[in-house]
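Residues per chain, in single letters:
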Amino acid sequence: AQRVTQPEKLLSVFKGAPVELKCNYSYSGSPELFWYVQYSRQRLQLLLRHISRESIKGFTADLNKGETSFHLKKPFAQEEDSAMYYCALHSGGSYIPTFGRGTSLIVHP
Amino acid sequence: GAGVSQTPSNKVTEKGKYVELRCDPISGHTALYWYRQSLGQGPEFLIYFQGTGAADDSGLPNDRFFAVRPEGSVSTLKIQRTERGDSAVYLCASSLTGQGRGNEQFFGPGTRLTVL
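Residue numbers (my numbering), protein chains in the order written: chain A, 1211 to 1319; chain B, 604 to 719.
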């Protein structure tokens, strides 16, 4: 069975500090990983996906198959980054994501 | 353009009652998904429609839950004999085709269901 683990329920940092939101997954095949974000009073939305190898709003995430991780990173956090972040896994051939429980990021001024 | 909409935004009901939750996907999106999100958890998959048919309903917890999408657009999630454990936010999402790697899902605002 596939599983996504986000070990931190809450991550609190100051503005300008680096941020790393951890995501580990278990899946025996070829995974497809995503990060979703939900800002206060807004709907859940896609932030980035590993196949695109893109940087969105300064965030990047690299798939590490050896460590089965897909950590989300940003070198300098901004207050507007405060939100709930969910890591999600699509197993190969499935379009149904398995979500982690989420990490609440709070960036203090 | 208009995003995914869900009605009602909040629903309070009593244990044992029947409820219907509605989802209006983005126009032209053939794939539609229902999720349930309990407090402190990530969204949990319930059912996936491709067009009018349920392509995957493996996430429905039991036979009290049923969903339809008769014309391939609007979908209704139906819960019979509601239980307090059904209380959660029910999310709907749609995507253009549902096929292919990385097909992006667009989420609605959710319906918060409270069963007293």
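The set of hints was computed from the structure by calculation and includes no laboratory data. Each hint should be verified, as a subset may be incorrect.
In silico lysine to aspartate or glutamate, DMTMM-like type, Cα no more than 20 angstroms apart, as pairs [stated by the list, open to error]:
no.	chain 1	residue 1	chain 2	residue 2
1	A	Lys1219	B	Glu647
2	A	Lys1275	A	Glu1290
3	A	Lys1267	B	Glu707
4	A	Lys1275	A	Asp1291
5	A	Lys1232	A	Asp1291
Here are a few chain A residues that face chain B, going by a calculated C-beta distance under 7 angstroms [claimed, not checked]:
no.	residue
6	Arg1251
7	Leu1254
8	Met1294
9	Tyr1296
10	Tyr1305
11	Ile1306
12	Phe1309
13	Gly1310
14	Arg1311
15	Gly1312
The calculated label-pair distances, taken between Cβ atoms and stated as ranges, are [claimed, not checked]:
no.	chain 1	residue 1	chain 2	residue 2	range
16	A	Arg1213	B	Leu642	13 to 21 angstroms
17	A	Ile1266	B	Pro664	45 to 53 angstroms
18	A	Ser1236	B	Asp666	37 to 45 angstroms
19	B	Ser608	A	Lys1267	21 to 29 angstroms
Where is the CB? At the ideal position from N, CA and C, for every residue including glycine.
Here is what the structure says about each hint:
1. Lys1219(A) x Glu647(B): Holds. Lysine 1219(A) to glutamate 647(B) sits at ~17 angstroms (cutoff 20 angstroms).
2. Lys1275(A) x Glu1290(A): The given pair, whose Cα atoms are some 31 angstroms apart, is violated under the 20 angstroms limit.
3. Lys1267(A) x Glu707(B): holds, 18 angstroms
4. Lys1275(A) x Asp1291(A): violated, 27 angstroms
5. Lys1232(A) x Asp1291(A): holds, 16 angstroms
6. Arg1251: Violated, because the Cβ-Cβ distance from arginine 1251(A) to chain B comes to roughly 9 angstroms (cut-off 7 angstroms).
7. Leu1254: With a minimum Cβ separation of about 4 angstroms from chain B (threshold 7 angstroms), the hint on leucine 1254(A) holds.
8. Met1294: Cβ of methionine 1294(A) sits 9 angstroms from chain B, so the hint is violated.
9. Tyr1296: Because about 5 angstroms separates tyrosine 1296(A) from the closest Cβ in chain B, which is inside the 7 angstroms limit, the hint holds.
10. Tyr1305: holds, 5 angstroms
11. Ile1306: For isoleucine 1306(A), the interface hint holds, since the closest Cβ of chain B sits about 5 angstroms away, which is under 7 angstroms.
12. Phe1309: holds, 3 angstroms
13. Gly1310: With a closest approach of 5 angstroms, the glycine 1310(A) hint holds.
14. Arg1311: Where the cut-off is 7 angstroms and the nearest Cβ of chain B is about 5 angstroms from arginine 1311(A), the hint holds.
15. Gly1312: This hint holds: glycine 1312(A) lies near chain B, its Cβ roughly 5 angstroms from the closest one there, short of 7 angstroms.
16. Arg1213(A) x Leu642(B): 13 to 21 angstroms: The hinted range 13 to 21 angstroms holds for arginine 1213(A) and leucine 642(B), with Cβ atoms some 20 angstroms apart.
17. Ile1266(A) x Pro664(B): 45 to 53 angstroms: Violated: the Cβ-Cβ distance is about 34 angstroms, outside 45 to 53 angstroms.
18. Ser1236(A) x Asp666(B): 37 to 45 angstroms: violated, 30 angstroms
19. Ser608(B) x Lys1267(A): 21 to 29 angstroms: holds, 26 angstroms
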